[in-house]
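With chain P fixed as given, assemble chain F onto it according to the hints.
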Amino acid sequence: MNRRVYLDHNASTPIHPEVLAEMLPYFSEVFGNPSSIHTFGRDAREGVERARERVARFLGVSPQEVVFTSGGTESDNFGVKGLAYGRGKGHLITSSVEHHAVLRACQALEAQGFDVTYVGVDEYGIVDPDDVRRAIRPDTIAISIMHANSEVGSLQPITAIGRIAREHGVPLHVDAVQTFGKIAIDLDAFGIDALSFSGHKIYGPKGVAGLWIRKGTRMVAIQHGGEHERRRRAGTENVPGIVGLGKAAEIRGRDMHAEAERLTVLRNRLIDGVRDRVPDVRLSGHPTERLPGTASLLFRHVESESIVLGLDLKGIGVSAGSACTSGNVELSHVLVAMGVPLDWAIGAVRCSLGCSTTAEDIEYVIECIEPLVRKLRQAMPAGVA
Amino acid sequence: MRYSPTLVDHFLNPRNAGLMRAPDGVGEDEYAGCGDLTRFFLRVRDGRAVEVRFQTYGCGPTIAAASAASELCQGRPVDDLCQLKAEEIERILEWLPDDRKHAAEVAAGALRAAARDHLSRRRRDV
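Protein chains in written order, with this note's numbering: chain P, 1 to 385; chain F, 1001 to 1126.
Hints in this document: simulated from the structure, not taken from any laboratory.
The hints are all genuine.
A few chain P residues that face chain F, going by a derived Cβ cut-off under 10 angstroms, partial list only: (1) 301; (2) 303; (3) 304; (4) 305; (5) 310; (6) 313; (7) 342; (8) 346; (9) 375; (10) 376; (11) 378.
The beta carbon of each residue, even a glycine, is placed where N, CA and C say it ideally should be.
Bound-form chain P, shown alone (with noise of 0.2 angstroms):
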């Protein structure tokens, strides 16, 4: 049996063996329904209203600003249609890189009237602040930018952006579920006013994530029915989901910091590995203002799922930038944004380190991936693509 390695952490992680432990109960012992008044429901209760304290406290934030919702497409079109409804007609910022949970909430809203503008990047995938300046308007009613990016990790500069929404007096949501957990979020310094953010991303279960709205913040419910979360989120809630998120983001505040600075080792050990062996291959985002466990490399003339394949035969997961689908190339929204030429973008692939990663993992990948890549190649006609 070959080794395994995982390194799609981008894509969801392995529960963390104490969040889990923390969330078997709310499978069996405690299932009342948290609205309900008798202890069956009120020790429901107490397990989502900790699992809300600990996110809050992870955050800095108070637990009444944190509403639970069930993942984090979710939470985005939560934050940004939240926000446009709120103010009935007007015109949105967003990024030409985001999530297509915040990009489709957009179109979606386009075709409700609003108005969006999608400010390009530029060859890292960062969004410029300048470019969010200029495209505020008399009638901007909202700004929804990512914090990083999932495919190749760029960081935003949401500060500076913050900033400049808060001297037009513009709402700013932040899709955060690829950074919740990972990096610190001052949540005031960085001028947010609502915040996505997901389970799964960081040990936690699947089917669970957030969105925090700063107190005062106008934003209108999406979904309806009862009462749940301060009417914010009509739903029963999703009780042992809500406590494994609550445990997994106290577990973050513990482990975060110090796994960041490992995993920064590991992804640059990663990159120069496979640079110093493989020829035409390139980093794809930023070189330094990146997630600290995310390397998206593009190989030349070779396509993407060929290596996500033979990396998967040797036991190794890795996504592809870009992906056959029926029949038809997806070439990633974020490389053609970032205006990757085809020939490179089309062999992206992203290794997305965590816990688990180990030095001797990184070694094996940097083994596996250059004669893999060599005998690709060797079938490819030159020039093509």
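Using the frame of chain P, we list chain F on its own:
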């Protein structure tokens, strides 16, 4: 990704990959949808393909399909290769998912084109 051991073997150890000097027939096919491209080179003696080489640009199944096709047509009459069907290549690979069927189609198309190219060269020489 769950592919057959045969497909995986062809992907990891492609047979007959590379260029051919002075081939007797060259043909290529492309799947416009995703840009997969395969090119075949044939050496022909007495109307049969005696040596086959290929180059391909595509995902794992496309490389495997070209490799399998290169073995499949060794020694076969060129006239036969003009009729080669993708299903024949797919059978060797045991199975291709629906969104990867084009891998066998591109390989078959490129081989048919190479066979036709040889026949048209021969007609010119007569």
